[in-house]
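Trainee: Residues 1 to 799 (full-length UniProt numbering) make up the sequence shown, in order.
Careful: at least some of the hints might be erroneous.
[To be verified] Straight-line alpha carbon distances no greater than 27 Å define the calculated DSSO-like cross-link-like pairs of lysine-lysine that follow:
hint, residue 1, residue 2
1, 431, 26
2, 319, 220
3, 497, 701
4, 788, 730
5, 99, 51
Source of the hints: derived by calculation from the structure; they are not laboratory data.
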Amino acid sequence: MLVPVKWLKEYVDIDIDIDSKELADKLTMSGSHVDSIESVDKGVEKVVVGKILNIEKHPNADKLVITTIDVGEEKLQIVTGATNIKVGDYVPVALIGAKLPNGLKIRKSKLRGIESYGMLCSAEELGIDEGLVPKELKDGIYILSEQYPLGLDIKEALGLYGEVLEIEVTPNRPDCLSIIGMSRETAATLGKKLKYPEIKINREVDDITDYINGIEVHDKDLCKRYYARVVKDVKLGSSPVWIQRRLMEAGIRPINNIVDITNYVMLELGQPIHAFDLDKINGRKVIVRRAREGEKIVTLDGVERELKDSMLVIADEDKPIAIAGVMGGENSEVSEETTTILIESANFNGRSVRLTSKGVGLRTEASARFEKDLDPDMVGKACDRVCQLIEEIGVGIVVKGSIDIYEDKAQEREITLRPEKVNNLLGIEIKVDDMLKILNSLELKAKFEDEKIYVTIPTFRRDIELEADLIEEIGRIYGFDKIQSKPLIGTLTKGDKSRIRKIEDITKDILKGLGLNEITTYSFISPKAYDKINLPEYSIKRNCVRIMNPLGEDYSVMRTTLIPNMIEVLTRNYNYGVDRAWAYEIGNIFIPKKLPVEELPYEVRTLCIGMYGLIDFFDIKGVVDTMLKELGITGCEYIREENYATFHPGRTANIIKGNNVLGVIGEIHPKVLENYGIKERLYIAELDFEIIAFLTNLEKKYKPLPKYPAINRDIALVVDKDIMVREIEKIIWENGSDIVENVKLFDVYMGKQIPEGKKSVAYSITYRSYEKTLTDEEVTKVHDRIVKALEVQLGASLR
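Please take these sequences and the hints and turn them into a complete structure.
Mentor: Structure representation (C-alpha cells):
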C-alpha cells in the first residue's frame, strides 16, 4: 500500500525532527514493513507557475507556436509544439537552469530561428506517472485547474513534495489497508495520539424516502450490512487539486469529483464506496441478490461479463447494476447528465468477493479489500464521510436520512491477559501500566483488575483471537529490537522417529519392493468426490470438515477417505496410456468430533493401495498379505462384504485380525469406474495404518531348518459352492495336532463331474514333526481326523 507521509501527518503529530527514513525504520520494527520510500517531487527544480498571455504562429514552422508567458517577475518568450494550450491558461514553466526528473536541464535555445527562454511542461516531464494522470491531462501540456500566484514553485502549487512509503500489509490486517489504519499504527509506534477526521454534515434537506423506494437484501449470508444515502443537485466535474494529488500519490488516477471522493474515502478509511446514478435505477429500488445463471452485465471498464448464480450482484427491478464488491455497471454509471446519486457502502462476504473476482477475471482496489473481510462497523462512517466531502467542495446537496440494513451486528470480544505470561514469553520485565498504555494506543481497550488485564477487542481487529496475539502486539510496539538476546538454556536430546513413523518407513520399503510407487495427494478434496465413489447420502464418511477459505470448490473439504485421491491418480495414468499402475499412499484422513466443527478433528493415519493392469483380486490380496506378514501380522481373515457401494459386490472383503478391522479390499464398482471414465478393472485396499502399527511385531525369532523329513498327502473334497476355502483351511489347521506344517490349495473345479451347487477343492497338506520322524500310521491318524471333521462340519465328501 502507498502511504503519503503528508497525508499521514494530518492524523498523527509526527515530530519535524523525524524524517521519512527514520519513520520507515520505526514502522518496520513495529511490524509494518516498509518496502521503499519514494520522493514525490523526483528532483524537479526551478519550475514555476506561468500564465499564457499571447500565442502566435511560428513564421518558419507549421507545427510550432510562439507564446508569451507571465511568470510573475518577468514575461518569457517560449517556443512550443503544444496544441492543447490557449491564452489565459495557467501552466508549469521550466525556467532557464531548471532540472527535470528525466535528467533534462533547460537552457536558452533557438528553434527555427526564434529564441526560447524555457519550456512548458507535461505531466510526464514533471515526473507524474502517466497512468495516474486524469485523461484530459494525459496529452500535451499540464494545464493547471486553478489560478495560482504567478512564479509560485510548481511543487507547492501541485503538492509535489514529501515522500510516499510503500508498505507491505499482511492479509490478516485489512485494517491497515487505509490511511487511518496506518495512522493508528504510526501513533502507537511513536507514542502519539491519533486524530480522527471529524465527520459532520452541516446541511441536509428533504428525506431519503422521497428518493428511493427501498432496499432489499436477499442473501444476507453474502451481504452482512448495506448502508445507503442520497445526494441531489450533483455537479460533475474535476476534483480539487488536493484530492487529485492525494489519489495520485496513493496510486489511483483521478476521474471526476464524485468517483474521486469515493476513492479518497476508500483510501482514508479502508471501506470501498460506490455511487450510482439514481435516475438509472429502475423503480428506484435496490435489490442485493445472487445473479441468475448466464445473466450478463457490462462493467465500468466496458467489458461484458457473464455471471454465475453463485455471484452476488446489486440489481434494480430489472437487471444487475453492479457486481457486488468488484465493480459497478455501465448502466448505472455517474455521468455529466447525473443530478442525483445513491451512495452505497456495504460489507460483503470476503470469500464470495474473491471467488467472484476470480470468476469474472477482474480484480479491483475494492475487491482486494473486500476479500479480506472488512469491519462492518466502518460502513456507515465511510458513507457519511463521502457525503461530508461532497458538501465541503460544493458539488451536491445531501439528502436527510439513510437506509441501514444491519441485522447480525459484529460484536466486540474480550480476552484475558496475564501480565506474568507476557514477561515470561518475551523474556523481559514490562510494567503493567506500560502494557495498558501500549494496548490502549492500538485501541484495544484494556483495564487491570484482579491481577489480570481484560482487553476488549474492537471489530476491526479480527486477527486477534488469543492471549498470545495480545502478547505479540505488546512485544512489537514495545520494540523487539529492545529485547536483548539470551543464550539458549536446556539439555541436549537425541532426536528420533516415533514408532509409527519407523513402521511407516518399513512399510514403504516393503511396498516399494513389491513394485508399488508412492504417491502424495492433497488432504482437501471436492465434496463431489463422495458422489463419484457412490457413497450413500447417509454414509458417515460424508460428515467432513469444510474449509472456511478454500482455494476453490474442488478443494473445499478435508478428506475422510483416501479412495477418491487414489482413483484420481490411477485414472490420470490410465488416460495417459499407462497400461499398468500400482501405487500406494500413506496419509491422514480427518474425522470431525462434532458438527458443526468446534474443535480440531481426529487425524487418522491411513494406507491406501491401488492397482490396475492385467491383475485380479488375488494380486492385490497377495500384496497386502505379504506386507502384513513382513510386519509380523499373521492370522488375518478376509470376510466377504456386500454393502460397500464403492466396491463390487461379491469381490470385496473386510480384513480382520482378532477383534480389529484393519480395512477393506476389493474391486471397484463398475459404476464408480464409469464416473471416472476408466474402462479397466481397478483394485483398491484402504487400511487403518494406526491399527496396523499397533499390531506390528518386528521381533524376529530364529527357527532352525527341520532335521526330520516331511510327508505330503493330497486331499480332494466336494463341498457346497458357497463354502469359502478359509473355512476349510481353518478346520485343517485346528485338527492338525501340531504336525501340519503347510496347507496349499492347488485346484478348484466346477463342471460336469461335480453335482450342481457343488465344487471340488484340492489341497496338498505337508506333515512334519520337529522332534522325530513321522510314521505313516501317525500321519494317517491325523489325516483321517481332518477328513472326518470336514465331513461333519462342512458336509464335505472325498472325491
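Trainee: Evaluate each hint against the coordinates.
Mentor: So, going through the hints one by one against the coordinates:
1. 431 x 26: With Cα atoms ~22 Å apart, residue 431 and residue 26 stay inside 27 Å; holds.
2. 319 x 220: Cα-Cα ~19 Å, so holds.
3. 497 x 701: holds, 24 Å
4. 788 x 730: holds, 14 Å
5. 99 x 51: With Cα atoms ~20 Å apart, residue 99 and residue 51 stay inside 27 Å; holds.
Figure legend: structure checked against the earlier numbered hints; every hint is met.
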